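In order, the protein sequence lines correspond to chains A and B.
When you number the first sequence by our numbering, it's gap-free, plus one each residue, and the end is 1478.
When you number the second sequence by our numbering, it's gap-free, plus one each residue, and the end is 1478.
Among the hints, erroneous ones may be present.
Identical chains blur together in the list; that is why a pair holds if it fits in one copy or across any two.
[Said to hold, decoys possible] List of simulated lysine to aspartate or glutamate pairs, DMTMM-like, C-alpha gap at most 25 Å: (1) Lys1137 to Asp1206; (2) Lys1437 to Asp966; (3) Lys1436 to Glu1010; (4) Lys1038 to Asp1194; (5) Lys1038 to Glu1219; (6) Lys1102 to Glu1010; (7) Lys1436 to Asp1359; (8) Lys1136 to Asp1206; (9) Lys1349 to Asp1386; (10) Lys1378 to Glu1473; (11) Lys1437 to Asp988.
No lab work stands behind these hints, which were simulated from the structure alone.
No experiment lies behind these values; they were computed from the predicted model shown.
Number of protein chains: 2
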Amino acid sequence: MEMITDAEVKAASLPQLNEICERLRREIFDTVSVCGGHLSSNLGTVELTVALHRAFDFPRDKIVFDVGHQCYTHKLLSDRAARFHTLRQEGGISGFPKRQESEYDCYDTGHAGTAISAALGIAKARDLKGEAFQVIALIGDGSFNNGLVFEALNSLHILNTRVLIVVNDNGMSISPTVGGTHDILGEMKAGMKPENIALFEQYGLSYMGVYNGNDLSELLPALDEAKKRLETSCVLLHVVTQKGHGYPFCENEPEATHGVSPDPRPHSEYSAALGEELCALAEKDSRIVAVTAAMTDSLGLREFFRRFPERAFDVGICEEHASVLCAAMATQGMRPYYAIYSTFLQRAFDEIVHDICGQNLPVTFCIDRAGITGADGETHQGVFDLSYLSFIPNLAIAIPKDVGEFRAMLRAGANWNSPLAIRYPRAGVEGRVLPVVIGKMEVLHSTMSDIIVLAAGERCIRIAEEVRKNAAARGQDFSIVNARFLKPLDEALLNGLTETHVITMEDNVRIGGLGDAIARFYRNTGKKVYSLGYDDAFIPHGKPVSLAQKHGLSREALENLIGELYARG
Amino acid sequence: MEMITDAEVKAASLPQLNEICERLRREIFDTVSVCGGHLSSNLGTVELTVALHRAFDFPRDKIVFDVGHQCYTHKLLSDRAARFHTLRQEGGISGFPKRQESEYDCYDTGHAGTAISAALGIAKARDLKGEAFQVIALIGDGSFNNGLVFEALNSLHILNTRVLIVVNDNGMSISPTVGGTHDILGEMKAGMKPENIALFEQYGLSYMGVYNGNDLSELLPALDEAKKRLETSCVLLHVVTQKGHGYPFCENEPEATHGVSPDPRPHSEYSAALGEELCALAEKDSRIVAVTAAMTDSLGLREFFRRFPERAFDVGICEEHASVLCAAMATQGMRPYYAIYSTFLQRAFDEIVHDICGQNLPVTFCIDRAGITGADGETHQGVFDLSYLSFIPNLAIAIPKDVGEFRAMLRAGANWNSPLAIRYPRAGVEGRVLPVVIGKMEVLHSTMSDIIVLAAGERCIRIAEEVRKNAAARGQDFSIVNARFLKPLDEALLNGLTETHVITMEDNVRIGGLGDAIARFYRNTGKKVYSLGYDDAFIPHGKPVSLAQKHGLSREALENLIGELYARG
C-alpha cells in the first residue's frame, strides 16, 4: 500500500484516523493471508500504534517492541509501506523490528521481556549524550510475566531516567496469559482493586489505564496525558486491547490465529506425537509431569493439559522458572518433560547447567522447532542448541530421524536416570517405533565404499538418502549412519567403522555440534572428517530449504563433497 | 565441634538457645578463619537457622538455601558438624548445600534466585505424591531482585501449593542491595508504608515481618505463627538480620568479609587493572560506561563508580537486564563494558546471543574468575565460557596471557565495532602493555622442533613455559604460541605453522573451546592436534592447581604428551 505519513496521521480527524486504521487492518490481514505471519496481535494493536505515531515523532523518538511481532502497523506507517507485501519473504522485510531495515526500528527483538530494559538503556544513553527525545517500550501482558521485566522495573530508581512503558494487555501470550502479575492487571481493569496501583508506584512508575484500547477517542487523550507525565516520571500506560480485533474469526480464535501460514501448513507431526506419547506415559506412570512456558497447543500439549491438569504446568513466559521447577520436582522422584522451542530454551541456560545437569536429574527436554525454522528469522532459527548443550556434563542429547524414533526416545526418557535433551523440527514423517538405547546410533546403509555419512535428524537423513540414491546409480555409493545421539557418543560403533572418509551432517551451526564431536573422536586416527552444517552467522528469514542451502546444508553440498572424494580416488 | 541435635535445639530454653548460637557463631568464625569461606552472611543468619531448626523437622521438612553460601549453621546443626573443619577443603564438605553430602540438603544451589522456584517444585511434587512435609525457601534480599523470583511469585496461583519463603534482609548482596524491590522491603521494615504489603498479597503471599532477626525472642513466635498460616497459604516471612552479626569488624565491613580467605590472598591483579584501565578510558572517551550485576569491589570497579557515578551502573543481581542495558546503550553509540564473573554470565546467555551479538553491538564483556576458581566448587568453576561463547556469530573472544595484555585488550575494545569477550582469572602477573590486534596470536618461542603448543591464558602459558624449560634441557624443545584470541582465529599465523604436532591448552573444558577450534581448522591437513583442558564433568571444590591436575590440565599432562611425541620420533 501507499505509505501513510505521520504528518497525515497527525493532521487527521478522528473519523479519518478510524478510516486509516481500517485501511491498515485490511492491509495487514490481506498481506498475512498471502505471506503468513503474526495476525491477531497485529490486528489488536492497530489503533494503539496509530495513536503512538500521532503522539510521538518517529524516528527521532524511539519505540522498542517487546518480542516484536506486533510491529506491522509501525512498519506500514514508516518507510516499509511500499515493501510490506514482501513481509517475511526471503529478501523481503522482516516480521520483526530490524535496525538494518529502517531508522524507524531502534532495537531488534524476537524473544520476550527485553523491551523495558532496552528502552531504559536507550533513554540513559540519551541523557548521557544530552539529547532530548522520548523512548517507548511496548510490551504485551504475556511478556510482562517474564523475570527480565522485574529486573528492569527494579532498576528504575537506580537508572533515574524516563521512559513510557505501554503494556498491551490482550490477555494472551501465545496461550492465554497466566499468573499473579497478570491478575494484578486484570483486577485493575475490572476496577476491583485500584490499590494495586501501589505495585507500580513503588517502582517509580506513574500508572494510567486505557481499558478500551481499540478506541482512539480514549487512546489519544491518554497519550497526551502520558507525554505530560513523562516530563517528571516514568509512566506505565496499561492499554487493554482485543487480540484479533476487527476480524471475528481472529477475535474468537486468538491462539489459532496468533501465527498463520499461507500454505496448507504441514501438520506438526512431532508435537502431535509429543502429546500422544506423554498422555500414554502419564496414564501408566504417575511420576510423569509436563511443564511449558506459555505454549501448550503449539507444542502438542492441549490434550495432556485437559486430561492431566494436576500434572500439567504452564508457568507463562518464564523459561528459567520452568527449568528450576522441573529440577526440583525431579529431586522428589517425579519425571518432568519440559517442552519448549529451541531458541527459547536459551533463556534457561544457567538453570540447565546448574539445576538440572549439575544435580544430574532426570528431566527430559523436548526441544521443538530445532534446526532452521524459516520465516521468523534470526531469533527463531534453532541452529545453536547442539552447540550450547554439547559441553554440559551429564546431559544426553538425542536427535530423532523421524517421528517414530522420537516416540521411542520419549519413552526411553521415562527410565533414564539423568537429563535427556531431544531436539526435533516442526514437521516430520512418521516411521516405525523401535526401541532405542540411549547412546546407540543406527547403521542405515552399509556399503563397501570408503565413505560414510553420519547424519543427525530428519532433514539431514533425508538429504543423505536422496543423494545416495543418485550417487549409487553413478557408482558413488556411501554408507549412512543415523547419528541419533550426539551424547553419549556411540564409541563402539564409531570404533568399528572402517571407512576413511567420515562426513557429518547436522541441522545446526558447524561450531560445537556433531561435526566437532566426531572430529574430536577420530582426532589423529587417520580418518578424514568433513562436516556439513550452518555457517557461523545469524540466518535471516526465508524458506527453510533455501536458507539451509545458502548457509551450508544442502543436497548440492553433499553431492559435491561425495563427487570430490570419488574424484580424488 | 560436636553436633547439636535438633532434639537439643527443640528442648532448649531461650538462654540456652542463645548460648547455642554463640557456640555456632564461634565455630563458624574459627573455621572460616582457617578454611576461608563466606563469613558475614553466615554470622548474620545463625539465630534464624537455629529458629528454623527448632520450628521444623529436618530432613523430613525441606529447606532450600538461595545461592547457598549461608548454609553453615544448617550444616553444623545436621550431620556435618563433625566434618565442619573440612569446610571447602578438597575432599571435605562443600561451602554450599549438596544433596550428595547429606539428606539434610534437598537442593544444590550456587547462583541467585532459584530457591523459591525450587521450593515450589518440591512442594508440588509432595502434593502430587500425597506426602505431608513443609518446604522452606531461604533467600537474601540481594537475590530477591533477580527476575527468577518474580517468575516464581507469578506462578503461585497457578501451582496452588504452599511454601514458606523467608527473606533474609541484610541490605547486601555482595555489594549493598539496590533497586525498587529492596526499597519496598525497606519501607516496610521502617514502618513507613504498610500498604506495600499489597505487593505480596497480590501474588498470594501472607506477609509477616521480623525486624530484629538476630533476636530469638522475636523469631521463635513468628515461626510458630508462620507455621499456622502455612496451613492455608504461602507465607513470606521478612526477617531483617545484620550481616556479620556478633563480630564488629564484620558488621562494619560486610562487603570485605562476605568471602574471606585464610591465606594472604593474592591481590586480584586483573580486577585492579580493569578498574584502572576503565577509569583511564572513561577520562578520555565519554562513550565509556561500566555495567555490573551486584558486584563492584570484587570486579575492581570501586574507583570507577566513585569517579564516574553517572556512567556506572550496578543493577543488582540481574545479569539479563544488565546485558540488555548494555546492548541498548551501544545502539546509541555508547561503549559499555560489562564486568561479571564467568559462571554468572551464563544467566544472560540468550541476551548475549540475541541482543548483543545478534545486533553486532560493541559491548565488551569483562569476564572475571574464568578457569578453575577453587573453593566454591561446581557452580563457580569458570570452565564453560569458551564453550558457550565460541559458536556465537560476531563475537570476538580474547584470553590475555597476563595483566599487561589484558590492559591492551581493554583498550582495543574501545575501538572495536563488534562485541568482544575478554576472559581472565582472578590472580595474575603484570607484564608489558603492548598493543594487540584483535584476532592476532603471538609467537612466544619459535624452535626447530616439530611440536608447537598453542596455550590460551595465564595458567596454560605458565605451564607451557615451565615445561619447556626442563624439556629443552632434555633436548625435547617445542615452540609456544600465545593463543590469545579464540575468535577470530588467526588463520594467517595458523596457516604458516610448519610443526606437525599441535598441542592446545585451555583453562576450560575440552569440548567446544580452543582445542576443537584448532582441530577444526587443521582438519584433514595432516597435522596432529592434541588438546589439554578439563574433562567433561562438574569439578567440585578444592585447590585450583590440584583440581586442574585431577581434571586434565597440568604440567605432568603436558610433560607426558611431549615425552610421548619425542619417544615416537
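Within a copy, between copies, both or neither: where do lysine 1136 and aspartate 1206 come within 25 Å Cα-Cα? neither (40 Å within a copy, 39 Å between copies)
Measure nothing new, just compare the shortest in-copy and cross-copy C-alpha distances for lysine 1102 and glutamate 1010 to 25 Å and report within, between, both or neither. So lysine 1102 and glutamate 1010 fail the 25 Å test inside a copy (43 Å) and across (48 Å) alike.
Checking an output row: lysine 1436 and aspartate 1359, CA cutoff 25 Å. Within, between, both or neither? Both: 10 Å inside a chain and 21 Å across chains, each within 25 Å.
Please sort lysine 1038 with glutamate 1219 into within, between, both or neither, judging by C-alpha distance up to 25 Å. between (53 Å within a copy, 11 Å between copies)
When no copy is specified for lysine 1038 and aspartate 1194, does a C-alpha distance of 25 Å or less occur within a copy, between copies, both, or neither? Answer is between; shortest inter-copy Cα gap is 12 Å, intra-copy 61 Å.
I want to check one pair: lysine 1437 and aspartate 966. Are their C-alpha atoms no more than 25 Å apart within a copy, between two copies, both, or neither? neither (59 Å within a copy, 61 Å between copies)
Evaluate lysine 1137 and aspartate 1206 at a C-alpha cut-off of 25 Å and name the case that applies: within, between, both or neither. Neither: 42 Å inside a chain and 40 Å across chains, both beyond 25 Å.
For the identical chains here, do lysine 1437 and aspartate 988 meet the 25 Å Cα criterion within one copy, between copies, both, or neither? Answer is neither: 51 Å inside a copy and 55 Å across each miss the 25 Å cutoff.
State whether the alpha carbon distance between lysine 1349 and aspartate 1386 is at most 25 Å within one copy, between copies, both, or neither. within (24 Å within a copy, 43 Å between copies)
How would you label the pair lysine 1436, glutamate 1010 (within, between, both, or neither) given a Cα cut-off of 25 Å? neither (46 Å within a copy, 44 Å between copies)
My question is about lysine 1378 and glutamate 1473: at a cut-off of 25 Å on alpha-carbon distance, are they close within one copy, between copies, both, or neither? within (17 Å within a copy, 46 Å between copies)
Hint compliance for this structure: hints 1, 2, 3, 6, 8, 11 are broken, all remaining hints hold.
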